[in-house]
Amino acid sequence: MGHEDYRELLALEAAGALDGDESRALAEHLSSCGECRRELAELRDTAASLLYTLTPVAPPARLRTQVLEQVRALGDAPPASEVKTQAATRRAGVEDEGTASRTPSTARAPRPDARPGLWQLLTGRPSFAFGTLAASLVIVALGVTSFALWQRNRELSAETARLSARLEDLRQELAAGREQLARAQEVNDLLMAPGAAMATLKGMEVAPQAHASVAFDRNSGRVVLLASALPPAPAGKAYQLWFITDDKKVLPGGVFKTDAEGQGRLDDRLPQGVSRPSAFAVTLEDERGVPKAEGSMYLLSAAS
Amino acid sequence: MSQARPETDARDRNLLAAVARKDERAFAELYDTYASILFGLLLRILHSRAEAEDVLQELFLQVWQQAPSFDPTRGRPFTWLVTLARSRAIDRLRAVESRKRTAQRSAEDFPAGEPASSKEEAADELALRGERAEVVRGALAELPEEQRSTLLLAYLGGLSQTEIAEQTGQPLGTVKTRTRSGLKKLHELLRNRYGEGVV
Chain P
1 MGHEDYRELL
11 ALEAAGALDG
21 DESRALAEHL
31 SSCGECRREL
41 AELRDTAASL
51 LYTLTPVAPP
61 ARLRTQVLEQ
71 VRALGDAPPA
81 SEVKTQAATR
91 RAGVEDEGTA
101 SRTPSTARAP
111 RPDARPGLWQ
121 LLTGRPSFAF
131 GTLAASLVIV
141 ALGVTSFALW
151 QRNRELSAET
161 ARLSARLEDL
171 RQELAAGREQ
181 LARAQEVNDL
191 LMAPGAAMAT
201 LKGMEVAPQA
211 HASVAFDRNS
221 GRVVLLASAL
231 PPAPAGKAYQ
241 LWFITDDKKV
251 LPGGVFKTDA
261 EGQGRLDDRL
271 PQGVSRPSAF
281 AVTLEDERGV
291 PKAEGSMYLL
301 SAAS
Chain G
305 MSQARPETDA
315 RDRNLLAAVA
325 RKDERAFAEL
335 YDTYASILFG
345 LLLRILHSRA
355 EAEDVLQELF
365 LQVWQQAPSF
375 DPTRGRPFTW
385 LVTLARSRAI
395 DRLRAVESRK
405 RTAQRSAEDF
415 PAGEPASSKE
425 EAADELALRG
435 ERAEVVRGAL
445 AELPEEQRST
455 LLLAYLGGLS
465 QTEIAEQTGQ
475 PLGTVKTRTR
485 SGLKKLHELL
495 RNRYGEGVV
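If you read the sequences in order, they're chains P and G.
All the letters of the first sequence, read from the start, carry residue numbers 1 to 304 under the numbering used here.
All the letters of the second sequence, read from the start, carry residue numbers 305 to 503 under the numbering used here.
Worth flagging that the hints you see were computed from the coordinates, not collected in a lab.
Given the structure is predicted, the values throughout are model-derived calculations rather than measurements.
Every residue, glycine too, gets a C-beta built ideally from N, C-alpha and C.
Among the hints, a few may not be true.
[Stated by the list, open to error] Here are the computed lysine to aspartate or glutamate pairs in the EDC-like style, where the Cα-Cα straight-line distance is at most 20 Å:
hint, chain 1, residue 1, chain 2, residue 2
1, G, K326, G, E355
2, G, K488, P, E186
3, G, K489, P, E39
4, G, K489, P, E4
[What the hints assert, rightly or not] Some chain P residues well away from chain G (every beta-carbon gap over 12 Å; in silico):
hint, residue
5, D45
6, L54
7, P60
8, Q66
9, M204
10, E205
11, P208
12, Q272
[Said to hold, decoys possible] Just a few of them, taken from the derived set where beta-carbon distance is under 8 Å, the chain G residues facing chain P:
hint, residue
13, R315
14, R317
15, F331
16, Y335
17, L345
18, L360
19, Q361
20, F382
21, L397
22, V400
23, Y459
24, T483
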């Protein structure tokens, strides 16, 4: 393959779409081609900018605490999680042509400040005259090391137990908030879908202040309706969504109730065979939903 | 707005340089700046909160360890972080092959989390991100739909080209062409319409 062939691969590499073999072949070319490296870097910036369109989601606060505690514990020690992260590191190394270079090989060597005596005794070749002395030192050193490790292990176990308990507390605290956000995220994802569209519903005479939005994705068929300022539905009743097609057919959707503030949400699907309803309506019906609209109309969208 | 990127890039480069010197405060700042947006990506690719949390944690430990190897002449710090995050997430995804992924997931699978509040993110950071989102969305809207959806599935969804081909019923070659053309077009649009250095 020549330079132009490799250039053709740059956008795919930047989009994270090359498989391992192709990516490795390209990496080899990149090591000797500044022009391609520059172009790849620019395309990568563009690809990374796609993240700005995502909804940021704050990770749990305990994760921050853990990460900060871990780096504090690591200090500038060699990577403790080397084995666990090796595969990812290797991959990142390939993808980055060295910007995320592998952990320096020196990291694997023992730190010079860590028990140098022991290390020298184990790796050096002490002469016969020092053999016995060396052996005793090794035994003493190993004993000290084992004790230190045992103690550290105990500390870590206690710490783990404490963190687990804390984690459980936080999990429970967060459950409600997560639920709420998950639903917001769904709407966001739905709106970001390539086939997404939206309609606005206005309140009818029975509830002029009511309003709602419907988002739907004609590819997946997902529909989300968010309604506000609807009066509370009487016992046994609920609001029902209707899809109105181009040929004026009125097809039933799901039912939903409102909360104390008059807000309601419905997760629904487009009816079979309907990819783009021309209008939406909401009526008050039996809470189990009905096949044909009977009750008063509360909300209606302008025909699109 | 066109000034925005050089400023944040310079700040990020300084942060990474400080992290390379094992400066914990700089590390915390880097975390506070990018954890939420990266977590959003990880949730989107992994569709599992537990996995995303795990990968985010590993990712930042990797950043701590590899900050010295970040080469500012080879790209933006943000791109470096995103590239690391994506490849970690995809490695994890491959490891968790038991779950068969599809592009459209059931509602239960959608990621959940606490909203990224201004407590954790500076307001101007949020505003800046909002502006950038507008710019990128505007450019994305100009792509042909099939290029846009293929590119998003590949980059933000973490699907391989083969998976996209299976899901869309398009030949692999078509999927590759769409991904490539989509990113190139987006690149042109962002550069021509907004000048270099915007996003």
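Status of each hint after checking the structure:
For the hint linking G/K326 to G/E355, the alpha-carbon distance of about 27 Å lies beyond 20 Å, and the restraint is violated. With a C-alpha separation of about 29 Å, the suggested pair G/K488 and P/E186 falls outside the 20 Å cut-off, and the hint is violated. Taking the CA atoms of G/K489 and P/E39, the gap is about 14 Å. The hint holds against a cut of 20 Å. A C-alpha spacing of about 18 Å is found between G/K489 and P/E4, which places the hinted pair at or below 20 Å, so the restraint holds.
Annotated as non-interface, P/D45 brings its C-beta within 12 Å of a C-beta of chain G; the closest such distance is 5 Å. The non-interface label for P/L54 is inconsistent with chain G: the shortest C-beta to C-beta separation is roughly 4 Å, within 12 Å. Against chain G, the non-interface label of P/P60 is violated: not every CB pair exceeds 12 Å, the least being about 7 Å. For P/Q66, the requirement that its beta carbon stay farther than 12 Å from each beta carbon of chain G is not met, with the minimum near 6 Å.
No Cβ of chain G comes within 12 Å of the Cβ of P/M204; the nearest lies about 30 Å off, and the non-interface call holds. Separation of P/E205 from chain G is adequate, the least Cβ-Cβ distance of about 34 Å exceeding the 12 Å criterion. Annotated as non-interface, P/P208 keeps its C-beta farther than 12 Å from every C-beta of chain G; the closest such distance is 32 Å. No Cβ of chain G comes within 12 Å of the Cβ of P/Q272; the nearest lies about 16 Å off, and the non-interface call holds.
Hint status for G/R315: violated, given a least beta-carbon distance of 16 Å to chain P, over 8 Å. A cut of 8 Å between beta carbons decides the hint on G/R317: the least distance to chain P is about 13 Å, and the hint is violated. Restraint check, G/F331 versus chain P: the minimum CB separation of about 6 Å is within 8 Å; hint holds. Residue-level restraint check for G/Y335 holds (minimum Cβ-Cβ distance to chain P is 6 Å; threshold 8 Å).
Satisfaction of the interface hint for G/L345 is found here, the shortest Cβ-Cβ separation to chain P being roughly 6 Å, below the 8 Å cut-off. For G/L360, the interface hint holds, since its Cβ comes within 8 Å of a Cβ in chain P; the closest pair sits about 6 Å apart. Below 8 Å, beta-carbon pairs count as interface contacts, and G/Q361 has one with chain P at about 6 Å; its hint therefore holds. Satisfaction of the interface hint for G/F382 is found here, the shortest Cβ-Cβ separation to chain P being roughly 6 Å, below the 8 Å cut-off.
Taking 8 Å as the C-beta contact cut-off toward chain P, the hint placing G/L397 at the interface is violated, the least distance being around 11 Å. Annotation: interface hint on G/V400 violated; nearest CB of chain P at approximately 13 Å, more than 8 Å. With a cut of 8 Å, the hint placing G/Y459 at the interface with chain P holds, because the nearest CB-to-CB distance is about 5 Å. At its closest, the beta carbon of G/T483 sits 5 Å from a beta carbon of chain P; the interface hint therefore holds under the 8 Å criterion.
Checked against the numbered hints given earlier, the structure breaks hints 1, 2, 5, 6, 7, 8, 13, 14, 21 and 22 and satisfies all the rest.
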